[in-house]
Amino acid sequence: MLSDTLPLAATANAAAHEGYEAVYSRPATLLSTPMHYCPGCSHSLVHKLLMEVIAEMGIQEHTIGIAPVGCSVFAYEYMDIDMQEAAHGRACAVATAVKRLMPDRYVFTYQGDGDLAAIGIAETIHAVNRGENFLIVFINNAVYGMTSGQMAPTTLSGMKTTTSPCGRSEALTGSPLKIAEMMAQLPGTWYVTRQMVANANAVRRTKKALRHALEAQQLQKGTCLVEILANCPSNWKMTPVESMKFVEETMTQTFPLGDLKLEGRLCK
Amino acid sequence: MKGNEALAEAAIRAGCDAYFGYPITPQSEVLEYLAREMPRYGRLVMQAESEVASINMLYGAAGAGFRVMTSSSSPGFSLMQEGISYMAGAELPCLLVNVNRAGPGLGTIQPGQGDYFQATKGGGHGDYRLLVLAPASVQEMADFVFLGFTLAEKYRNPVLILSDGAIGQMMEKVVFDQAPVPDIPKPWATVGKPAHRSRNYITSLHIQPEQMEQHNLRLLEKYKAMQEEVRFEEIATADADYLLVAYGLSGRIAHKAVDVARHRGLRVGLLRPITLYPFPERRLAQLARQVQGMLTIELNSGQMLEDVRLAVNGRVPVRHLGRLGGMLPTPDDIVHELENILEVQHA
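Heads up: the sequence lines are chains A and B, in that order.
Under our numbering, residues 210 to 477 are what the first sequence spells out, in order.
Under our numbering, residues -9 to 337 are what the second sequence spells out, in order.
These are computed hints drawn from the structure, not numbers from a lab.
Keep in mind that a hint or two might mislead.
Derived DEER-like restraints, expressed as beta-carbon distance ranges [what the hints assert, rightly or not]: (1) B:Gly304 with A:Pro312: 31 to 37 angstroms; (2) A:Ser366 with B:Glu211: 50 to 56 angstroms; (3) A:Thr372 with B:Thr98: 35 to 41 angstroms; (4) B:Arg305 with A:Pro312: 32 to 38 angstroms; (5) A:Ala331 with B:Tyr31: 26 to 32 angstroms; (6) B:Glu211 with A:Ser378: 35 to 41 angstroms; (7) B:Gln198 with A:Glu390: 36 to 42 angstroms.
Positions of the beta carbon are idealized from the N, C-alpha and C atoms, including for glycine.
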């Protein structure tokens, strides 16, 4: 039974309706604060997966999260763990200090593509190159979401955004930055994978990847990076269903899914 | 010991848990000394990839409740300003050190005091203040580390030691007999949320204007409370009818100038601000009723001058004598200037 293995939040509705039982709920590590994310956004789903893993591993008391600047700047409003909100792009520097000073804690950063891949690329590369023992959850939705849809380093070639109105030009702005591939090349990484949450199977695989990455922190072997292809229906001007389909059919062509590095070894 | 080394040794003795820094002349001895000595005590010292990374490592470590320090010199310290603003906003205690060199831009590696405005008026974006200590000797480089950590943790606010290339590089005798820094509990630190308390989070974000204003007002109350920490030194002010105002390295030179001027029969005194924020404005206002004028000696084009003028509020003329670009005035330069001023005033 699900409720035997998963610590569930108060199931008020189930209690109110005798004879019913809750079979699906939020984990106890996720607060009941209504999320500010747009309908259909991947952030809320990834928040839940990450918090489920932390609840299932029983590490709520030993986990410190670092929130970025971007749509998930308010992650600490939803995650019921100790957190720090970092300056734009600097989450990996903040996490470095927290983990180095408290090596027995689980530490993760949660960052978007503008935060990690543009302004914060230096802090990211150097943290990974030092093999810092924390998890980087990298949400790649190919745009700046919070500032309403400007071009990101991961914007697909030819993709229209508010700052690339005729489509991203490689001649002017380069090609989509493949963060997972870049980071896998550095000796500091232990586990690098790219996942998505566009269908039920993919959600299960993403959760498994997050759990694998957090468990690996006990080994003290290096940085784990889980890149998650995410949608942005509001800024892509699509319905949530259309946007999930776009992730699955179009984004994955530029950003192929799967493990890039396992146990410190490049895959393939 | 060198000023920079005395400061580094004091950091270890004051219980600094972690230091993050990046090399830059004329303060690299701090990082070098700590890289050599700190690991022996099981403390963390890291050379970051930039000053931007250093200050954000400091943010993370301070947010987790550790006693932390960084140091840099003018161009590098400019790079830290965003992070310092975040730390002031998130109310994180830390000790910052700027071994001031002459600018703007890359400038030169010789001593300067051109960062006075940056140090005392906030420096980064937004409405905040740092507590600023200005050492004038190697002994004070060591003493102010203890004082700095104490004040930072008392007020949950970044404290800045504003030194300069000469104080950092000069060698003098130094005594380590400072009182230990009290350990104040930090129940707000992010160390992992036990079941019995609600989560801790470190942030400078208050998106609702009503809440942001409340936060600003609370910070303002704190800055008001900090005014009682004002510190300064007075030399020969009891019977002075003219006052020099100078801090740090220029404070030392001005002290010598007072000796020379007194020898020539000029009744000159010196007020040396030790805290640049809070500024000794009340004492200066009192002295403005006693003296016929004031002269600030600064290694800049007249920055503290503005604060002295605000303090005396037009009661007496306040003039400025400065050298720039890493050049220093001599005591004779100052006395010569004093003689000219007093001659003109008597004529």
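How the hints compare with the structure:
Separated by about 59 angstroms at the C-beta atoms, Gly304 (chain B) and Pro312 (chain A) break the suggested range of 31 to 37 angstroms. Taken as a hint, the range 50 to 56 angstroms holds for the pair Ser366 (chain A) and Glu211 (chain B), whose Cβ atoms sit roughly 53 angstroms apart. In this structure, Thr372 (chain A) and Thr98 (chain B) meet the distance hint of 35 to 41 angstroms, their C-beta atoms being roughly 40 angstroms apart. In this structure the hint that Arg305 (chain B) and Pro312 (chain A) lie 32 to 38 angstroms apart at CB is violated, the actual value being about 59 angstroms.
Our hint of 26 to 32 angstroms for Ala331 (chain A) and Tyr31 (chain B) holds, since their Cβ atoms are close to 30 angstroms apart. The beta-carbon spacing between Glu211 (chain B) and Ser378 (chain A), approximately 52 angstroms, falls outside the hinted interval of 35 to 41 angstroms. About 41 angstroms separates the C-beta atoms of Gln198 (chain B) and Glu390 (chain A), a value consistent with the hinted range of 36 to 42 angstroms.
Against the hints set out earlier in the document, violations occur for numbers 1, 4, 6.
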